[in-house]
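Chains as they are written, first to last, in this note's numbering: chain A, 30 to 507; chain B, 31 to 123.
All the given hints hold, so there is nothing to weed out.
The calculated BS3-like cross-link candidates involving lysine-lysine, where the alpha carbons are at most 27 Å apart (straight line), are:
{"hint": "1", "chain 1": "B", "residue 1": "K106", "chain 2": "A", "residue 2": "K59"}
{"hint": "2", "chain 1": "A", "residue 1": "K323", "chain 2": "A", "residue 2": "K84"}
{"hint": "3", "chain 1": "A", "residue 1": "K323", "chain 2": "B", "residue 2": "K94"}
Please keep in mind that the hints were generated in silico from the structure rather than gathered at the bench.
Since the structure is predicted, the reported quantities are computational estimates derived from the model, not experimental observations.
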Amino acid sequence: MATKYETVIGLEVHIELATESKIFCSCSAKFGGEQNDHVCPACCGMPGMLPVVNKHVVDLGMTAGMMLNCDINRVTTFDKKSYYYPDLPGSYQTTQWFSPVAVNGTVRINTSKGEKDIRIKQIHMEEDAGKLVHDDWTNTTFVDFNRTSVPLIEIVSQPDLSSAEEVVAYLERLRSLLRFAKVSECRMEQGSMRCDVNLSVRPEGSNVLGVRTEMKNMNSISAIERAIEYETARHIDAIENGTEELVQETRRWDDIKGKSFAMRNKETAGDYRYFPDPNVMPVCIDDEWFDGIKASLPEFPEVKKDKYITELGLGEYDADLLTESRALCDVFEEAYAECGMAKEAANWIISNCMKVLNRKQLTADMLDINGKALGQLIKLVADGKVGNANARKILDEMFENDIEPEKYAEENGFIVSNDTSKIQDVINAVVAADQKSVADFKSGKEKALMALFGKCMKELKGNCDPQILREMLLKTIQ
Amino acid sequence: MDREILRRLEKLNQLQLTEQEKEAFLAFYAKQENEMDVLNSINTDETERMVHVMPILTVVREDKVIKKYSREDLQKGAPETTEGYWQVPRLVE
Ligand SMILES: [Zn+2]
Numbered sequence: 030m031a032t033k034y035e036t037v038i039g040l041e042v043h044i045e046l047a048t049e050s051k052i053f054c055s056c057s058a059k060f061g062g063e064q065n066d067h068v069c070p071a072c073c074g075m076p077g078m079l080p081v082v083n084k085h086v087v088d089l090g091m092t093a094g095m096m097l098n099c100d101i102n103r104v105t106t107f108d109k110k111s112y113y114y115p116d117l118p119g120s121y122q123t124t125q126w127f128s129p130v131a132v133n134g135t136v137r138i139n140t141s142k143g144e145k146d147i148r149i150k151q152i153h154m155e156e157d158a159g160k161l162v163h164d165d166w167t168n169t170t171f172v173d174f175n176r177t178s179v180p181l182i183e184i185v186s187q188p189d190l191s192s193a194e195e196v197v198a199y200l201e202r203l204r205s206l207l208r209f210a211k212v213s214e215c216r217m218e219q220g221s222m223r224c225d226v227n228l229s230v231r232p233e234g235s236n237v238l239g240v241r242t243e244m245k246n247m248n249s250i251s252a253i254e255r256a257i258e259y260e261t262a263r264h265i266d267a268i269e270n271g272t273e274e275l276v277q278e279t280r281r282w283d284d285i286k287g288k289s290f291a292m293r294n295k296e297t298a299g300d301y302r303y304f305p306d307p308n309v310m311p312v313c314i315d316d317e318w319f320d321g322i323k324a325s326l327p328e329f330p331e332v333k334k335d336k337y338i339t340e341l342g343l344g345e346y347d348a349d350l351l352t353e354s355r356a357l358c359d360v361f362e363e364a365y366a367e368c369g370m371a372k373e374a375a376n377w378i379i380s381n382c383m384k385v386l387n388r389k390q391l392t393a394d395m396l397d398i399n400g401k402a403l404g405q406l407i408k409l410v411a412d413g414k415v416g417n418a419n420a421r422k423i424l425d426e427m428f429e430n431d432i433e434p435e436k437y438a439e440e441n442g443f444i445v446s447n448d449t450s451k452i453q454d455v456i457n458a459v460v461a462a463d464q465k466s467v468a469d470f471k472s473g474k475e476k477a478l479m480a481l482f483g484k485c486m487k488e489l490k491g492n493c494d495p496q497i498l499r500e501m502l503l504k505t506i507q
Numbered sequence: 031m032d033r034e035i036l037r038r039l040e041k042l043n044q045l046q047l048t049e050q051e052k053e054a055f056l057a058f059y060a061k062q063e064n065e066m067d068v069l070n071s072i073n074t075d076e077t078e079r080m081v082h083v084m085p086i087l088t089v090v091r092e093d094k095v096i097k098k099y100s101r102e103d104l105q106k107g108a109p110e111t112t113e114g115y116w117q118v119p120r121l122v123e
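Given these sequences and hints, build the entire structure.
Written as structure tokens, this is what we have:
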């Protein structure tokens, strides 16, 4: 009988933190900019410069730790990881090795096989490396330090994952929790979430680990799936058929070729000679700081979803859509607090706001309107003070400026008029000008009424209760 | 410290030492090693890890962007630059 194998996978996930400035200096951490524009003597490695820790990096490191059920190290320290490569100008990376910010966590995942807890070994804070462009023409390397010292956390799992499906579930769960807590946007395609896969294969039931390889350079979740499937097959093939000797090494995934390749320089890989960085003093997290972060944690998405359904009466579909993004939840909750109409608030966000976002090619996470103002707008519509078409115009304006909907409606003539004599004047004029539609209606063509109604509404600039207009129009032509 | 370890360190640090420099390093480290032996002989089982030689904690700064330096100033001392990039010997095989 053929041997069955199981795959043992541990992940190292790098996440770029959502800060304004770098981890050890005040340069901008924003993506883009001209080469070497976000640079200072500290992050380009000039001698004598000292690092100063960005508080918000520690805030976010702690937040990530708490979201993943970790213990927080109240005294956390930075260490030097030596490696000589021009993408880090000091020939070392400042990271955490001996006392990382968070340890011993768990992340619960859901797959076709049910629930499973993946243990987190540690989360450490560190600096990113710069960008190198190799130039064939001059056989030199161009160095851009804009990304150097941009803050990252690395989340290291225990080898508890056993399939591509579990890895995908784990990454999606990490992304959801960290986006919710505003730790990072976690965009794999933009490199703000990167993942290295440690993988080995052993006969099922064995408790001896096989030879482990580390794979790098996967730029999407589907690439990770492909890489895991390829690497698992390669390991099994090597074990069963002796096609090659498995060695512990780092491999680069090539998604176009669909293969992994050994990276060279095996002799120097992994020998990092960590030692405490004497330039950064220990960071002490006192009770006030710790409690402040703890109090700022958001509810987990599934807790919110449950609340939206049971307490606010939303349908499962709407609750699912809203809780996909913290931004949607925030606007929804503010709007609901203002107008007290949960279903209407959900509808406005899911249909109208999403339409505007799509038109602007923005994602749900980028919804940045005043939720309270949205609540006021919903009330104006519910009270019959503003018509639907005009309300959507007001919403458009809310994406551009922080307006007060009622004031804006008044200033732009969007308030529904209940001045019946004015409505009657408009109806009389429209009817007089379109006797054909009146005749059509009288001969049984229902559509003709809609034509007249539309003309009146247009003439009134939408500022009329449709029910009143309809009744008055019918009375006039019958 | 022997020649093999020195060779490895040379490689890790992308250095090329002359025979004279190698002799000097070996002699230097031979002296340090004796001192290391003394340190290693001390029983530290009950001793808490020292985090830093100075008994002080770090000060943190607020997350605010300050731009004080121009690229031109920073690259004044660079041996070679191209279009705002530092230019260095190619390291990748
Ligand atoms: Zn800087």
